[in-house]
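A.B. asks: Residues per chain, in single letters:
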Amino acid sequence: MALPTSVGWADLPLQRFVDDARVQLAVLMQPSGQVLAQVGFKRSIDVQTVCALSAAINASGDLLGRMVDATPFRVLHHAGREKQFYLGQVPLRDGLLVLLAVFDTESSLGIVQLYLGELQSAVAAAAPPPPPADAAPALAEDFERELNRNLAQLFGRAS
Amino acid sequence: MSAFAAVIGAVTRHRGVTACLVVAEEDGIIVDGTARIGVNTAAFAALTASLYRKAGRAADSAGFGDVSFFDLEAEQGRVIAAGRNGLVVVAVADAGVNLGLLRVELLRAAATL
Numbered sequence: 001m002a003l004p005t006s007v008g009w010a011d012l013p014l015q016r017f018v019d020d021a022r023v024q025l026a027v028l029m030q031p032s033g034q035v036l037a038q039v040g041f042k043r044s045i046d047v048q049t050v051c052a053l054s055a056a057i058n059a060s061g062d063l064l065g066r067m068v069d070a071t072p073f074r075v076l077h078h079a080g081r082e083k084q085f086y087l088g089q090v091p092l093r094d095g096l097l098v099l100l101a102v103f104d105t106e107s108s109l110g111i112v113q114l115y116l117g118e119l120q121s122a123v124a125a126a127a128p129p130p131p132p133a134d135a136a137p138a139l140a141e142d143f144e145r146e147l148n149r150n151l152a153q154l155f156g157r158a159s
Numbered sequence: 160m161s162a163f164a165a166v167i168g169a170v171t172r173h174r175g176v177t178a179c180l181v182v183a184e185e186d187g188i189i190v191d192g193t194a195r196i197g198v199n200t201a202a203f204a205a206l207t208a209s210l211y212r213k214a215g216r217a218a219d220s221a222g223f224g225d226v227s228f229f230d231l232e233a234e235q236g237r238v239i240a241a242g243r244n245g246l247v248v249v250a251v252a253d254a255g256v257n258l259g260l261l262r263v264e265l266l267r268a269a270a271t272l
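Protein chains in written order, with this note's numbering: chain X, 1 to 159; chain F, 160 to 272.
Keep in mind that the hints are not guaranteed to be accurate.
Label pairs and their calculated CB-CB ranges [claimed, not checked]:
| # | chain 1 | residue 1 | chain 2 | residue 2 | range |
| --- | --- | --- | --- | --- | --- |
| 1 | X | Leu-63 | F | Gly-222 | 50 to 58 angstroms |
| 2 | F | Asp-219 | X | Gly-95 | 44 to 52 angstroms |
| 3 | X | Leu-63 | F | Arg-195 | 23 to 31 angstroms |
| 4 | X | Ser-121 | F | Ala-233 | 44 to 52 angstroms |
| 5 | F | Thr-271 | X | Arg-66 | 15 to 23 angstroms |
| 6 | X | Gly-95 | F | Gln-235 | 38 to 46 angstroms |
| 7 | F | Leu-260 | X | Asp-69 | 23 to 31 angstroms |
Derived by calculation from the structure, the hints in this document are not laboratory data. Glycine included, C-beta positions come from ideal geometry on N, C-alpha and C.
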């Protein structure tokens with residue numbers, strides 16, 4: 001699966017989604033939890049935690065759906081008293097990215113779903129080209145290093 | 160037949176009405192409805208519920224109480240909504256629709272929600 005791992009390319013589509021859908025926080029990540037873009041977070045540790053939890057929820061929903069319905073659950077929406085979150089997926093090439101959006105009464109589930117469609121198109125258009133077929137595969141041992149690199153770039157601490 | 164079939168049927172039988180939806184006010188999700196081909200009902204429901212909700216907040220801020228009826232007039236048509244108990248009945252109509260009759264019908268429909 002040739003999903004992009006770098007940050008930057010999805011910033012504009014995600015910012016537009018946040019502006020249009022009036023959500024408070026949004027993170028676009030790989031299913032592994034590696035962040036690709038974020039809007040609204042002030043601290044990298046929060047993004048790291050949110051991505052890890054979201055990836056776990058996404059994986060649980062995927063597996064639970066396969067068990068009970070023979071197909072992965074693609075969307076999770078939780079409506080709290082004041083805040084709600086929406087965990088959805090953004091298809092890209094032959095894979096899926098994960099989107100977490102947190103919103104309050106300024107937005108709604110319908111609005112988030114509406115603009116998610118536009119985000120999906122914008123992400124597909126903005127994604128960098130897939131690596132050549134003979135490129136080195138993304139190795140599991142690189143995960144933590146890439147995760148930290150992305151967080152550092154997002155929060156302006158890249159070396 | 161859903162619990163809202165009678166409400167929707169009563170609204171859509173008016174000449175010039177192209178869609179009638181029952182929408183959850185908070186979520187903007189369609190509960191029931193019918194529309195002529197070409198109307199993006201999901202987008203329409205989400206945006207109209209959002210407008211209705213915000214109109215309600217504006218009315219509340221002005222000290223006017225709850226919104227009972229909402230009319231949005233555009234170049235080639237109009238969107239009319241009335242709500243109660245967290246649900247909104249929304250009608251999409253051509254510009255030439257008989258607004259008075261439709262208003263009465265929507266208020267009557269909202270009273271049954």
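A.B. asks: Now look at each hint and say whether the structure bears it out.
C.D. replies: Hint check results:
1. In this structure, Leu-63 of chain X and Gly-222 of chain F meet the distance hint of 50 to 58 angstroms, their C-beta atoms being roughly 52 angstroms apart.
2. In this structure the supplied range 44 to 52 angstroms holds for Asp-219 of chain F paired with Gly-95 of chain X, their Cβ-Cβ distance being about 45 angstroms.
3. As the Cβ distance of Leu-63 of chain X to Arg-195 of chain F is approximately 41 angstroms, the hint placing it in 23 to 31 angstroms is violated.
4. The beta-carbon spacing between Ser-121 of chain X and Ala-233 of chain F, approximately 25 angstroms, falls outside the hinted interval of 44 to 52 angstroms.
5. Under the hint 15 to 23 angstroms, the C-beta atoms of Thr-271 of chain F and Arg-66 of chain X, about 42 angstroms apart, miss the expected range.
6. Restraint check, Gly-95 of chain X to Gln-235 of chain F: a C-beta distance of roughly 42 angstroms satisfies the suggested window 38 to 46 angstroms.
7. Take Leu-260 of chain F and Asp-69 of chain X: their Cβ atoms lie about 46 angstroms apart, and the range 23 to 31 angstroms is violated.
Hints 3, 4, 5 and 7 from the list above are not met by this structure, while the remaining hints are.
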